[in-house]
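The listed protein sequences correspond, in order, to chains A and B. Residue numbers for the first sequence follow the numbering used here, so the first one is 8 and each next one is one higher. Residue numbers for the second sequence follow the numbering used here, so the first one is 8 and each next one is one higher.
Derived by calculation from the structure, the hints in this document are not laboratory data. There could be a bad hint or two in this list.
It does not matter which identical chain is meant; a pair holds if it fits inside one copy or across any two.
Keeping only pairs whose Cα atoms sit at most 20 Å apart, straight-line, the calculated SDA-like set for lysine to any residue is [unchecked claim]:
1. Lys458 with Asp435
2. Lys358 with Gln300
3. Lys358 with Ser298
4. Lys279 with Glu252
5. Lys161 with Gly266
Protein chains: 2
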Amino acid sequence: MKHYLADDAALYTDLYQLTMAQGYLFEGNADRTACFDYFFRSNPFGSGYTVFSGLSQVVDLLSNFHFHDGAIDYLSDQGFAAEFLDHLSSLELGLEVNAPPEGELVFPYEPVVRVRGPLLQAQLVESLLLNTLNFSSLIATKASRMRRVAGDRKLIDFGLRRAQGMGALQASRAAYIGGFESTSNVLAGRNAHIPVAGTQAHSWIQSFDDELSAFRAYARQFPDQCILLVDTYDTLNSGIPNAIEVAGELREQGHELVGIRLDSGDLAYLSKKARQMLDDAGFPDVKIAASNQLDEYVIKSLVGEQDAAIDVFGVGTQLVTAYDDAALDGVYKLCEVDGDPRIKISENREKVNFPSAKRVFRLLDDHGQFYGDAIALESEDEVDHIVHPHDPYKDVAVGDLDQQPLLETVIDDGQVIADLHDIEQARDYARRRLQQLPDEHKRFDNPHIYKVGLSDKLNQLRHGTLQQARISRGVDDRG
Amino acid sequence: MKHYLADDAALYTDLYQLTMAQGYLFEGNADRTACFDYFFRSNPFGSGYTVFSGLSQVVDLLSNFHFHDGAIDYLSDQGFAAEFLDHLSSLELGLEVNAPPEGELVFPYEPVVRVRGPLLQAQLVESLLLNTLNFSSLIATKASRMRRVAGDRKLIDFGLRRAQGMGALQASRAAYIGGFESTSNVLAGRNAHIPVAGTQAHSWIQSFDDELSAFRAYARQFPDQCILLVDTYDTLNSGIPNAIEVAGELREQGHELVGIRLDSGDLAYLSKKARQMLDDAGFPDVKIAASNQLDEYVIKSLVGEQDAAIDVFGVGTQLVTAYDDAALDGVYKLCEVDGDPRIKISENREKVNFPSAKRVFRLLDDHGQFYGDAIALESEDEVDHIVHPHDPYKDVAVGDLDQQPLLETVIDDGQVIADLHDIEQARDYARRRLQQLPDEHKRFDNPHIYKVGLSDKLNQLRHGTLQQARISRGVDDRG
Numbered sequence: 008m009k010h011y012l013a014d015d016a017a018l019y020t021d022l023y024q025l026t027m028a029q030g031y032l033f034e035g036n037a038d039r040t041a042c043f044d045y046f047f048r049s050n051p052f053g054s055g056y057t058v059f060s061g062l063s064q065v066v067d068l069l070s071n072f073h074f075h076d077g078a079i080d081y082l083s084d085q086g087f088a089a090e091f092l093d094h095l096s097s098l099e100l101g102l103e104v105n106a107p108p109e110g111e112l113v114f115p116y117e118p119v120v121r122v123r124g125p126l127l128q129a130q131l132v133e134s135l136l137l138n139t140l141n142f143s144s145l146i147a148t149k150a151s152r153m154r155r156v157a158g159d160r161k162l163i164d165f166g167l168r169r170a171q172g173m174g175a176l177q178a179s180r181a182a183y184i185g186g187f188e189s190t191s192n193v194l195a196g197r198n199a200h201i202p203v204a205g206t207q208a209h210s211w212i213q214s215f216d217d218e219l220s221a222f223r224a225y226a227r228q229f230p231d232q233c234i235l236l237v238d239t240y241d242t243l244n245s246g247i248p249n250a251i252e253v254a255g256e257l258r259e260q261g262h263e264l265v266g267i268r269l270d271s272g273d274l275a276y277l278s279k280k281a282r283q284m285l286d287d288a289g290f291p292d293v294k295i296a297a298s299n300q301l302d303e304y305v306i307k308s309l310v311g312e313q314d315a316a317i318d319v320f321g322v323g324t325q326l327v328t329a330y331d332d333a334a335l336d337g338v339y340k341l342c343e344v345d346g347d348p349r350i351k352i353s354e355n356r357e358k359v360n361f362p363s364a365k366r367v368f369r370l371l372d373d374h375g376q377f378y379g380d381a382i383a384l385e386s387e388d389e390v391d392h393i394v395h396p397h398d399p400y401k402d403v404a405v406g407d408l409d410q411q412p413l414l415e416t417v418i419d420d421g422q423v424i425a426d427l428h429d430i431e432q433a434r435d436y437a438r439r440r441l442q443q444l445p446d447e448h449k450r451f452d453n454p455h456i457y458k459v460g461l462s463d464k465l466n467q468l469r470h471g472t473l474q475q476a477r478i479s480r481g482v483d484d485r486g
Numbered sequence: 008m009k010h011y012l013a014d015d016a017a018l019y020t021d022l023y024q025l026t027m028a029q030g031y032l033f034e035g036n037a038d039r040t041a042c043f044d045y046f047f048r049s050n051p052f053g054s055g056y057t058v059f060s061g062l063s064q065v066v067d068l069l070s071n072f073h074f075h076d077g078a079i080d081y082l083s084d085q086g087f088a089a090e091f092l093d094h095l096s097s098l099e100l101g102l103e104v105n106a107p108p109e110g111e112l113v114f115p116y117e118p119v120v121r122v123r124g125p126l127l128q129a130q131l132v133e134s135l136l137l138n139t140l141n142f143s144s145l146i147a148t149k150a151s152r153m154r155r156v157a158g159d160r161k162l163i164d165f166g167l168r169r170a171q172g173m174g175a176l177q178a179s180r181a182a183y184i185g186g187f188e189s190t191s192n193v194l195a196g197r198n199a200h201i202p203v204a205g206t207q208a209h210s211w212i213q214s215f216d217d218e219l220s221a222f223r224a225y226a227r228q229f230p231d232q233c234i235l236l237v238d239t240y241d242t243l244n245s246g247i248p249n250a251i252e253v254a255g256e257l258r259e260q261g262h263e264l265v266g267i268r269l270d271s272g273d274l275a276y277l278s279k280k281a282r283q284m285l286d287d288a289g290f291p292d293v294k295i296a297a298s299n300q301l302d303e304y305v306i307k308s309l310v311g312e313q314d315a316a317i318d319v320f321g322v323g324t325q326l327v328t329a330y331d332d333a334a335l336d337g338v339y340k341l342c343e344v345d346g347d348p349r350i351k352i353s354e355n356r357e358k359v360n361f362p363s364a365k366r367v368f369r370l371l372d373d374h375g376q377f378y379g380d381a382i383a384l385e386s387e388d389e390v391d392h393i394v395h396p397h398d399p400y401k402d403v404a405v406g407d408l409d410q411q412p413l414l415e416t417v418i419d420d421g422q423v424i425a426d427l428h429d430i431e432q433a434r435d436y437a438r439r440r441l442q443q444l445p446d447e448h449k450r451f452d453n454p455h456i457y458k459v460g461l462s463d464k465l466n467q468l469r470h471g472t473l474q475q476a477r478i479s480r481g482v483d484d485r486g
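For reference, chain A alone in the conformation it holds in the complex (with noise of 0.2 Å):
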C-alpha cells in the first residue's frame, strides 16, 4: 500500500525535531549513536494487551525519507540555517529499526520498536513512527475485541464517515488486521486490499414511491447480492414482510435473498422476531445483518441473548475511531548514547525509563501458551528471572520457558531486510498469537495483568544509572 504522504514524510514531524537537529549537527552530536524505544505506558480500553500494527507503513515511510526542493524551501522560510538544510537534502536515512512482526501482540512498558542510528536522524523519525504506530495498533486493537465476541459472525467496518479525516484508511486496514472481515471503505479495500462489503441505505429506499417497490427494483438489479435495508417505514410491519415477498420472487426466479438488514430500534428484540418470521415463511438461510451503534459491548450483549439470531454485524465509528479511549499512549524515548545508557527521571516511578539497547523475549510454557515477557540487555542470550518493572520486590524465575526474541531486524543500515508480513499474514497471526494468550489477559473486565519484567542485568543497570544521575544533580538516592 503506497502511503499517499510518502513525497511528504520528512516534513510529516514536529517542528522541534527539525529545531532539535539542526542543534545536534551544529553542536556536533549529528553522528552521536543514539537508540531510541518505542512503547507505551497502558493497553488501550482496559484491554489485557495491544496488537501491533501500522509496522509496513512505518518502513513505507522511512524509505521515502527524503527532504525533497519543496521541504527544503519551506524549512529556508522558516528561518533553518542554510548548512543544516544542505545536509538534510543530502540526507540518506542509515537507521536500524528492530520491532516484532505485525499482527504481533505487545504490551505495556516493553520496547516494542527500537531504533538506533545517528541522533539526529533517530531524531527526525520520531513523529511519523508514532503517529502511524499508535493509531494502527489502537484500532487494531479494538477491533480484535470485537472479534473475540463476535465468534464465527461477520464484522464489517463501516466506519469512514465518522472516522477522523484520512485517518479512516489506515483505520480500515488495521481492523482487518484485527479480525474484521471486510470494509466499506472502498479507497482502504482497493489500497490495502481488504474486501469491501455494502448494500443499500435509506436512500435508495425513499428514492422509491414505496419500499416494496424499492425492495423489487434492487432484487432485479442483484438478484444474488440481495440484502434489504428493512427499517426505514417500519421493521416489523413494512419492513420485513416487504422483505419475505421479495423473497418468494427471487426464489421463482431461482435466486435466493442473502439477507435483511436492521439498522435502528431493538436489535436484539427485532433480530430475533425477524428470525422466526424468515423461518416461517421458508426462509431460514436468510441471514440477519445488524447496525447502529455497535461497540463490543453491545455485540457481546447481543450474541449472548437467548435466541440471538444475528449473523452479520456492521460497525462504525465506536470502531474506527476507538472512541471510548480514542489515542494510544505510545511513546519514544531516548535510551542510549553512544554505548551510554540514558534516563528521564520523573516523580513518577512508572514514568521513568529503561536505559540501554534492550531486546525483548517472550516466554512460553510447555503448551506454547504466553507465559510473560522478558525485557533484557541486548548483551543477553536468555533470562533466568524477570523483575517486576516498578517493584523490584517482585521477581519470578524464568530459566525453564521457552524463550523466543520478540523483535527482529527490520531495517538495516537504511536497507529494508526482513520479509514484512502482508496484511493478510498480519491478520493471520494477531489470530494466531491471541490463540496463543491465556483467556485471563483478554477479559473485558479487569483482565489479569500480562507478566512483563525486566531481567536481573537490566534492573542492576536501571539501578545505577537513576542513582548516578541523582548523584550528578546532588539528589541522594535514598530520599
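Starting from the known structure of chain A, fit chain B onto it as the hints suggest.
Just chain B now, with coordinates in the frame of chain A:
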C-alpha cells in the same frame, strides 16, 4: 491546500454508494433530481454550538471527482457492470452545493449543507462529504472551547504523535480555525498555511551529559528563540535553576530567554513557583509554557487559579482526537426527489427528517446577537413564526427579527462559484460569529439550547408527508 486524496476522491466512498448508483442507472433513476441535507443531531462535547469546518476540502475533492482508469479497473474486478463503469468513466459532476462559509456556527437539526442534482451523483458524494465535514467541524469546535477558556494566552497544537493517523493534517487545520495560534505539525503548517511552533524534547536534554550543558547548547544555537524544557530531572531543584542560570548568560550576551516549558507534575503549582523564581531572579518577561494531558477543563482550571502563571498551552491528544467525543454524528439524508418531498420515519420522533429542499435563516436581535435559526422551505423569503422541531406545541414569533440567509450557493452545476474562505478568513469568521453568540450558549455545563425552529409551512409539510407515508402503509396517524 491540495488534498492528498484528490486523485482518488471518487473511490473515497462506501461500497453501497456505488452499488446503489449502478441500481439507479439501470432502473432509469440516475438523473432524477435529488436533494440531500447534511445535518447533525447533537453538538459534540455537550457544547452549545458547532464550528462548521472542512468545506474547502470538500470543494477540493468535488472539483477533482473523476473515476480514473485505475478506479474503473478496480470496480470492474469487484463485479460492477461494464455499462455502469462506462457511465462513471465519463461522469462530470453537475451538482449544486449550498453551505455556510467555513467558520460559521451551526446547530443541531438544521440543514448545514444542501446537495442537489442527479440522484446518482448526489449519492456518490455522500461519504467523502460526511467524512470530511464531520471531523473538521468536530475539531474546530473542540479548539474553540479551549480558546474560550484560554483567553489571550497562546494555544499550540502538539497533537501529531497521538492523532488518528493522517487525520492529523485535517485536525491541525481545524484547530487553527477554531482559534489555535500554531501547530507543531510541520506538514500541516506547510500545506494549510498555519504558523508552526516548537522547541525541544526530553531527548535533547538526555543526549547531553547533564541538563545545564543541554540548556547552554540550546541557548548557543537559538539565542533569540530559546524555550527550555525544565522537567527532565527535577523541575524545581534542577530545571528552573539551570534555566535561570542560562537566562543570565544569555542576557550578558545581549539576548533574552524566551520561555520555559513544564511537561509534567502539578502544572498550576509548578507554574506559580516558576513564576516566582523567574521574577525573583530578574526575569519577569520569561514566558511559562505548559503541556501534558491538557483539555478545555484543565486549561480552565489552570487559568482560574489564583496567581495562575501559564502563558502558553501546548495541547495534544485531547484536541486532535476530540478525545471525550471522538466523532460528530453528522448524517446525509434524502429530502426530495423530482420536487416530491421524502421522509424517513422512525420510532424516534427526533429521527424523522425534514422533507423538501430547505433554506435556513439566522435570526438576529437589535444588537446583532444571534437569537436563533429558522429552517424554512426553499421558496420562503422570510419567516413569521418558528415551531420547535420535535414539539409542535412550542412556537415563537420571529417576524420582527433581522433574518439572514445562512447558506449560500458554493457550487452550481459542478462549478465553484463562491469565494471560499481561506483558513485565516475562516478563523476570523469563527471568532467574530462567536462574539455574536450569547454567552449562555457557550457555557461548558448545560449550555442554554440555541433555538432552531421550523417555519409554519415546513412544519405543515412535514406533518402532511408523515401522515401520507403512514396512510400508504396502512398505519393510522393517530396511533
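To see whether the hints hold, each was checked on the structure:
no.	hint	result
1	Lys458 with Asp435	neither (24 Å within a copy, 53 Å between copies)
2	Lys358 with Gln300	between (36 Å within a copy, 14 Å between copies)
3	Lys358 with Ser298	between (41 Å within a copy, 16 Å between copies)
4	Lys279 with Glu252	within (19 Å within a copy, 74 Å between copies)
5	Lys161 with Gly266	within (13 Å within a copy, 55 Å between copies)
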